[in-house]
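2 protein chains.
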Amino acid sequence: MSEKNMRYCLLLDFYGEVLSDNQREMMDLYYNEDFSLSEIADEIGITRQGVRDAVRRAEESLDSLEEKLGMIARFDRLRVQRAEIAVLLSDDSRPRDAVIREALQKLEMLEI
Amino acid sequence: MSEKNMRYCLLLDFYGEVLSDNQREMMDLYYNEDFSLSEIADEIGITRQGVRDAVRRAEESLDSLEEKLGMIARFDRLRVQRAEIAVLLSDDSRPRDAVIREALQKLEMLEI
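Protein chains in written order, with this note's numbering: chain X, 2 to 113; chain U, 2 to 113.
Warning: the hint list may mix true and false statements.
Where chains are identical, the list cannot tell them apart; a pair therefore holds if satisfied intra-copy or between any two copies.
Keeping only pairs whose Cα atoms sit at most 20 Å apart, straight-line, the calculated SDA-like set for lysine to any residue is [claimed, not checked]: (1) Lys69 - Asn23; (2) Lys69 - Glu109; (3) Lys69 - Asp29; (4) Lys107 - Cys10; (5) Lys69 - Asp22; (6) Lys69 - Val19; (7) Lys69 - Glu112; (8) Lys107 - Ala84; (9) Lys69 - Cys10; (10) Lys107 - Gly51; (11) Lys69 - Glu26; (12) Lys69 - Asp54.
Don't read these hints as lab results, they were simulated from the structure. Computed from a predicted model, the values in this text were never measured in an experiment.
Could you build the full structure based on these sequences and the hints that come with them?
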């Protein structure tokens with residue numbers, strides 16, 4: 002799957018509920034089920050061009066939501082911070098008490 | 002501040018960018034700056050009833066977004082999970098290695 006497609010799968014997962022049922026169904030078929038535009042057109046009973054336009058509009062809505070709300074960026078940062086704490090806790094070359102103290106500090110600073 | 006008001010401050014913080022500039026300004030004055038409806042009406046130059054309607058519509062938009070996207074609920078869960086890890090790490094009655102192992106597992110399960 003291309004990076005662009007993976008991004009829309011993620012955007013759909015976060016913001017899909019904001020789309021209309023119809024848009025969400027087309028986006029789900031297109032991005033999660035890997036249907037072609039023509040296959041979706043057959044499935045839904047509209048033209049291929051109609052599907053293409055609807056998918057494009059839905060993509061714009063999702064991009065606009067992420068631009069405004071930045072939830073994916075926020076969760077990405079959280080995952081990085083979590084990984085840093087995991088690395089710290091897994092480092093058994095340092096005194097356990099110091100590791101725990103530092104992990105607590107980093108946990109406290111987790112941008113939730 | 003009432004619990005309802007605190008909730009709208011939080012909703013504004015998460016989803017405020019989705020409102021129009023005008024709506025966001027009124028909501029900011031009302032919820033963050035504690036202006037009255039009449040004071041906002043004077044500030045913006047519309048009727049008190051106009052402000053009341055705009056605030057009500059904005060509240061509905063924010064509630065609807067949280068109902069669909071659930072970001073506040075999601076971050077609330079994350080904070081609870083973080084607190085559990087902090088309690089675990091702070092428990093110095095248990096062997097350090099066991100504490101670290103368990104913290105790593107809980108960190109891995111953090112619903113990010």
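Consistency of the hints with the structure:
no.: 1; hint: Lys69 - Asn23; verdict: between (23 Å within a copy, 16 Å between copies)
no.: 2; hint: Lys69 - Glu109; verdict: neither (26 Å within a copy, 29 Å between copies)
no.: 3; hint: Lys69 - Asp29; verdict: between (22 Å within a copy, 17 Å between copies)
no.: 4; hint: Lys107 - Cys10; verdict: neither (30 Å within a copy, 26 Å between copies)
no.: 5; hint: Lys69 - Asp22; verdict: between (22 Å within a copy, 12 Å between copies)
no.: 6; hint: Lys69 - Val19; verdict: both (14 Å within a copy, 6 Å between copies)
no.: 7; hint: Lys69 - Glu112; verdict: within (18 Å within a copy, 23 Å between copies)
no.: 8; hint: Lys107 - Ala84; verdict: both (11 Å within a copy, 12 Å between copies)
no.: 9; hint: Lys69 - Cys10; verdict: both (18 Å within a copy, 17 Å between copies)
no.: 10; hint: Lys107 - Gly51; verdict: neither (50 Å within a copy, 46 Å between copies)
no.: 11; hint: Lys69 - Glu26; verdict: between (23 Å within a copy, 16 Å between copies)
no.: 12; hint: Lys69 - Asp54; verdict: neither (23 Å within a copy, 24 Å between copies)
The structure does not agree with the numbered hints 2, 4, 10, 12 stated previously, though it agrees with the rest.
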